[in-house]
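Participant: Here the protein sequences line up with chains A and B, keeping their order. All the letters of the first sequence, read from the start, carry residue numbers 1 to 335 under the UniProt record's numbering. All the letters of the second sequence, read from the start, carry residue numbers 1 to 590 under the UniProt record's numbering.
One thing to keep in mind: the hints can contain errors.
To be verified - Computed spacing ranges between beta-carbons, pair by pair:
id : chain 1 : residue 1 : chain 2 : residue 2 : range
1  : B       : 351       : A       : 26        : 44 to 54 Å
2  : B       : 356       : A       : 133       : 39 to 49 Å
3  : B       : 168       : A       : 222       : 25 to 35 Å
4  : B       : 351       : A       : 3         : 50 to 60 Å
None of these hints come from the bench; they were simulated from the model. Glycine included, every Cβ here is placed at the ideal spot set by N, Cα and C.
Given next are the chains, with one letter for each unit.
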Amino acid sequence: MLRLIVQRLLLLIPLLLGLSVLLFGWVRALPGGPVQAMLGERYTPEAAAEIEAQLGLDQPLIVQYGKYLLRLLQGDFGVSLQSGRPVLEEFFTRFPATIELTVVALVFAIGIGIPLGYVAARRAGSVVDHSAVVVSLIGVTVPVFFLAFILKYLFAVELGWFPTTGRQSATMIATHPTNFYVLDGLLTAEWDAAWDALVHLILPGIALGSIPLAIVARMTRAAVSEVQNADYVRTARAKGIKASRLRGQHILKNAMLPVVTTIGLQVGLLLSGAVLTETVFAFSGIGSFLADSVFNADYPVMQGFVLMIAVVYALVNLLVDVSYGLIDPRLRRQQ
Amino acid sequence: MNDTADKNPGAAGAGAQEDDVVLRVEDMSVDFRTEHGAARAVAGANLTVRRGQTVAIVGESGSGKTTLAMAVLGLLASNGSVAEGHIWFKGEDLGAVSPQRMAQLRGTELGLVPQDPMTNLDPIMQIGRQIDEGLIDNGLRTLRDARSRTVELLDEVGLPDARRRASQYPHEFSGGMRQRALIAMGLSGRPALLVADEPTSALDVTVQRGILDQLSGLTHELGTAVLLITHDLGLAAERADIVVVMYRGDIVEQGPARQVLTAPQHEYTKRLMAAAPSLASRRIEIARERGLDDVLDEALLAPGEEQASGATAAQDSAAGGAEPTPLVEVRDATKVFSIRGNGLFSRSKDFTAVDGVTLDIPRGSTVAVVGESGSGKSTLARMILDIEKPTSGTITFDGTPVGSGGHREQIAYRRRVQPVFQDPYSSLDPLYSVFRAIEEPLRAHDYGDAAARRARVEELAEQVALSKGQLQRFPSELSGGQRQRVAIARALALSPELVVCDEAVSALDVVVQAQILQLLAGLQEELGLTYLFITHDLAVVRQIADRVLVMQQGRMVEEGTVDAVFDSPSTDYTRALLDAIPGRDLELAL
Chain A
1 MLRLIVQRLL LLIPLLLGLS VLLFGWVRAL PGGPVQAMLG ERYTPEAAAE
51 IEAQLGLDQP LIVQYGKYLL RLLQGDFGVS LQSGRPVLEE FFTRFPATIE
101 LTVVALVFAI GIGIPLGYVA ARRAGSVVDH SAVVVSLIGV TVPVFFLAFI
151 LKYLFAVELG WFPTTGRQSA TMIATHPTNF YVLDGLLTAE WDAAWDALVH
201 LILPGIALGS IPLAIVARMT RAAVSEVQNA DYVRTARAKG IKASRLRGQH
251 ILKNAMLPVV TTIGLQVGLL LSGAVLTETV FAFSGIGSFL ADSVFNADYP
301 VMQGFVLMIA VVYALVNLLV DVSYGLIDPR LRRQQ
Chain B
1 MNDTADKNPG AAGAGAQEDD VVLRVEDMSV DFRTEHGAAR AVAGANLTVR
51 RGQTVAIVGE SGSGKTTLAM AVLGLLASNG SVAEGHIWFK GEDLGAVSPQ
101 RMAQLRGTEL GLVPQDPMTN LDPIMQIGRQ IDEGLIDNGL RTLRDARSRT
151 VELLDEVGLP DARRRASQYP HEFSGGMRQR ALIAMGLSGR PALLVADEPT
201 SALDVTVQRG ILDQLSGLTH ELGTAVLLIT HDLGLAAERA DIVVVMYRGD
251 IVEQGPARQV LTAPQHEYTK RLMAAAPSLA SRRIEIARER GLDDVLDEAL
301 LAPGEEQASG ATAAQDSAAG GAEPTPLVEV RDATKVFSIR GNGLFSRSKD
351 FTAVDGVTLD IPRGSTVAVV GESGSGKSTL ARMILDIEKP TSGTITFDGT
401 PVGSGGHREQ IAYRRRVQPV FQDPYSSLDP LYSVFRAIEE PLRAHDYGDA
451 AARRARVEEL AEQVALSKGQ LQRFPSELSG GQRQRVAIAR ALALSPELVV
501 CDEAVSALDV VVQAQILQLL AGLQEELGLT YLFITHDLAV VRQIADRVLV
551 MQQGRMVEEG TVDAVFDSPS TDYTRALLDA IPGRDLELAL
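All chains, please: the whole structure from these sequences, using the hints.
Facilitator: Laid out in structure tokens, this is it:
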């Protein structure tokens, strides 16, 4: 197991190197280059030459790349053109928000998706089954931003049950030692702040969780339908074991194998920042910031965030693979 | 049909006490709900199993034998139900009791040893726990002392090092060990009735014997009644007191094993007997197919010359009378695979799959390579097919080294050598119609225009006895035997000289198996084909092959004419293989 982890971490090195080359090349390949993009309307050949010299852009590409890589290795991802703060700092300020949103979306998706898929498979052809199919179809087909708007309009604007935007009410005075707002509220015993932060997560969480919910429900349904007809389930019944044990230990546990992979992939996607959902709810996670940086031609942020998202994605997938080995003994490596 | 069935249970149990009866199935019918209404899988079955008795239900797949047994256990698929009749088990009608009562009986009074050890154990649960949970839920042991009982049970079925093994997972067990664990599981509640559904058909013959001995030893000792489901007449003859023959949902015949098998009454039983791959002399089989009395006479009159005549037969079919060169010459072929180590930098290990094999395949003859799984027989076939390259040694085909030329030569070689694989279910593309499947190699090798190809496909279909109507069907609409005919037609499409049959009939029922073997023999006569048969089934070898090569762990153990090897095996391994064939007793009885 340890060997697997080390192996995968080592594989991360060539992956990130390759990605850094791509990102480096991408910015250099922009029409007019980064300098023109930076200067925009203030562009003059003199100003451009000055900035180029200042940024070392007049040096050979290979030297430029070498310096870029060296800075990356020192954790220097550059400075945001919008805010003037280091890119890495911007990332880590916003990442907790995205993690919180992901957790809520996942709890929603798994908490409803797995039971729904399970019941649908066990009662194949019933009303529950058909409605599960419809629900998951809706989940997959309705665009996220549309669902987000509908949820916001209905439950925040019309009914007023939930706040419309942001991570915390403007009137709420709270301290944030970790930037996980719900956790902060709990840690500092500011219960009202924790509750307020949680309420802010509900609507974006549901909007973001709708696609994973649909996928998880469908995967669970397919896996349970297959496993419940497996020979070993019949053999387990022939042993006369309790129905609860049959469901939990034999059917559900085996059916979870493919579902866990799916969930893992979804976690990776969700953590990469929910651009649409975060934008609709003005939720300051990495997604909305990344979207802003695109409109503001903030290249250091784009480069840095993409690189960090790649690291997060790879680490989450590693975690999924490790957990897969925990559930499925066949995948554990034997020495 | 039913009058035979009604008469015989009484006759079978003559003299036995009525309270000895463990199971009595009375006029039982099982229906499955399908889109086209109810389908009757078992019709009016009657049978009786007494204490300590083994009753074998014999029939092809689809005959209803497994359905009957599952109805007894209350484990029919969700769309199946007992439509009529009664299942009396120790005075209770299992057809009428509640599901709760049924669950209570399973694991205590009723046990099951299922068919396929590979799919019947939960892959992500320790073997020991899978036995523990039955003991605990049935109230036989507490959570704390279940494991020690489990270890006893595993020990009892001959699993070595049972304590350690109990905490391993199914994938760490071999097929035979898994089957032992399943037997331990089936017997864990000390049931009065054990249903053993093809308990060994997925295993190698030598393993089969050991496991069957263990099973019959244990059930005998415990006085367990056994309902043995099998397609193997030999096995039924050897292990059962009573044989029940099923055909298309009906019990067509039943009675004491010897009586049913030596003097079959029903037409189907007679056919089953005739089709069973037995150790009867191959020469007689051939004679029967050809209908040539003189060949029969020759074989019967001159048994002493049998050893030499195998070679003669091969030469007869070879062209001309001059010293023929073999079509394929394998010289000292060795194949070493390197197995990747576990770690990133750990060294790879070498595994020798085929170790210095030398073999000739004479033109127009049939050579069989036999051995258990892992013996290297399939790797040898793959080298001859030019799918794998030998690590050392040479393989020549018609005087030219295999795999020597460039791309064009390789394609030309593929035309001359064609494979037929084991599983007719997975070796055909489900989205290709039969016509397209057979036509594909013709297209790939630019055979004529569309009309010419159509004519060729129709000719091939006729050769393998497929009707024109079947050409438009898809594999899912065909039976196993029909699919294997398609696979054979596809292999023959390019008029190959050598056909490599890798377990080509192993997945088929005996009656179908006999038909396919007959078809292959007929095609050999007609087209002058040369066959390489890869099989673990010695009875099939006896039926079709001229020469046989026995392999064990990559090495050739013995090689010779079929008669020589079967009549006087020179190594212990070959003898063990031969002894392990179920039905040798049957042979002696006849």
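Participant: Please go over all the hints and tell whether each is borne out by the structure.
Facilitator: Status of each hint after checking the structure:
1. 351(B) - 26(A): 44 to 54 Å: At 47 Å between Cβs, range holds.
2. 356(B) - 133(A): 39 to 49 Å: Violated: the Cβ-Cβ distance is about 60 Å, outside 39 to 49 Å.
3. 168(B) - 222(A): 25 to 35 Å: 30 Å, holds
4. 351(B) - 3(A): 50 to 60 Å: 22 Å, violated
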